[in-house]
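Following the hints, position chain C against chain S.
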Amino acid sequence: MIRIIDVHKSFGPKKVLNGVNLEIRTGETMVIIGQSGSGKSVLLKLLIGIMKPDRGEINVDGMNITALRGDELLRATRRFGMLFQAAALFDSMTVAQNVAFGLERYTDLGPDGIRTRVADCLAKVGLSGIEGLMPHELSGGMKKRVGLARAIAYRPEIILYDEPSTGIDPIRADAINELIILLKKEMTVTSVVITHDMVSSYKVADRIALLYEGRIVEIGTPEAIKNSANAVVQQFIHGRAQGPITNW
Amino acid sequence: MGRDQRISLLAEFFRQLGEVALLSSRTFRNLFKRPWEKKIFLQQLEEIGVRTLPVISLTAAFGGLVFALQTYIGFHRYIGPGSEAYGGPIISLGLTKELIPILVGLMAAGRVGSSMAAEIGTMKITEQVDALFTLGADPNRYLVVPRTVAAFLMLPCLTLFGDIIGIICGLIYNVVVMGVNGTVYLRNTLLYLELWDVLTGVLKAGVFGVIIAVIGCWQGLKAEGGAEGVGRATTRTVVIASISILISNFFLSKFLPGNLSL
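First to last, the sequence lines map onto chains S and C. Residues 5 to 252 in my numbering are what the first sequence lists, from first letter to last. Residues 343 to 604 in my numbering are what the second sequence lists, from first letter to last.
A couple of the hints might just be wrong.
As the list claims (entries may be wrong) - A few chain C residues that face chain S, going by a derived Cβ cut-off under 7 angstroms, partial list only:
{"hint": "1", "residue": "469"}
{"hint": "2", "residue": "470"}
{"hint": "3", "residue": "472"}
{"hint": "4", "residue": "473"}
{"hint": "5", "residue": "477"}
{"hint": "6", "residue": "478"}
{"hint": "7", "residue": "480"}
{"hint": "8", "residue": "482"}
{"hint": "9", "residue": "499"}
FYI, nobody ran anything at the bench for these hints, they're computed from the structure. Even glycine gets a Cβ: it sits at the ideal position worked out from N, Cα and C.
This is chain S alone, in the form it adopts within the complex (with noise of 0.2 angstroms):
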């Protein structure tokens, strides 16, 4: 269970997160949908111990992250695995080398097990015998799918998802959603989507929470969320430019 508990954050004067409360479910997916720029993103790199919140715990299993520090917080990132919204791919290393990147650190095996489990979660996200490719020689949509297979190559407990579906074709940003249900089913994962994509959310949610000024306005299941009686949440699910989050 991860709890994220009062999280307060600002950028100078600007407040990001002000008062985030969540509670994610072991093996759920939770999608956080929100405008571009309402906190989506801080609010993963929060979660995985990238930044600090200014106030706040954030409670992995009742393991405090935000008081973890150094080689403590380092080890316990290795639950955690994590697909960057431009899958943030090492541009010097080979997809092999991407994706071994965590298993030499976070694993004991050798050099035969780390090239067969490379293989394999390659060909998980369907891109087999890509092992000496540079990054600069892959599409968008197969650099999300490395960052994927990067990302799920050690075996986390949880995943965190960074807008997977931005920047790609709907048709492989559906592979990617499919991918996603696969994963928690054959590796029963906890998973957080961040993404402002409905068709997304109601495909692979279990839950659905919408992140609006800085807190958490609304939680449910796809169904309750497109039944919301709340303005916020209906302005933003249908994409329209008038309701309360523009003001007209």
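Just chain C, lined up with the frame of chain S:
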């Protein structure tokens, strides 16, 4: 400039100084922690050492030539014809203690420091630094430590190499081009140039190496705002590192003993 502006400028200066101090102390502590990023370290040795060698050779050669040219004129004009052969020790001392370490430092700041800032800055804005962290690699241990140690080791090597090139070019100018007595020139050079003179320059170069790497990595790690941000980080690295080298060189020259027996 108003009083408030001066205070905020001063505060900003100390804030940035604090950032560098924090990064330096973290880097120093991480020197003794495992795992050691051997592969990155070896790559950096090659990048800082081998790939900078042609630039250093050219700079040291022309540094030696121009220094020899002015020394020749000085001796010829003020002491008299025939005294130019006594310029050897002065040329060697000036080159090994001051000119070559500074030239190596400034060249490395331009070539190596800027490339560190650009590479790490690009990694920062494309979230590769965050990705390192999520995959169990401490960004400081992975990026900053190998670069700092490699620069600390390679700048003295480059300086030694530059010393040899500079001294040889000085000798060629005086003896071959200007017809100075080669035996006297060489004897004087070997007689009066001490090992400590060479070591002083080498020691300075080690300090310059640390300055360049820490500033390059610091600017890279704080880069933001896309390609423009990376460009700014690169420019700042060259400017800050060059100024820091010149300032620290004065203090090192002032406080390092003139010879080992002192």
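Each hint tested on the structure:
no.: 1; hint: 469; result: holds, 4 angstroms
no.: 2; hint: 470; result: holds, 5 angstroms
no.: 3; hint: 472; result: holds, 5 angstroms
no.: 4; hint: 473; result: holds, 4 angstroms
no.: 5; hint: 477; result: holds, 4 angstroms
no.: 6; hint: 478; result: holds, 4 angstroms
no.: 7; hint: 480; result: holds, 6 angstroms
no.: 8; hint: 482; result: violated, 10 angstroms
no.: 9; hint: 499; result: violated, 24 angstroms
The structure fails hints 8, 9 (numbered hints given earlier, in ascending order).
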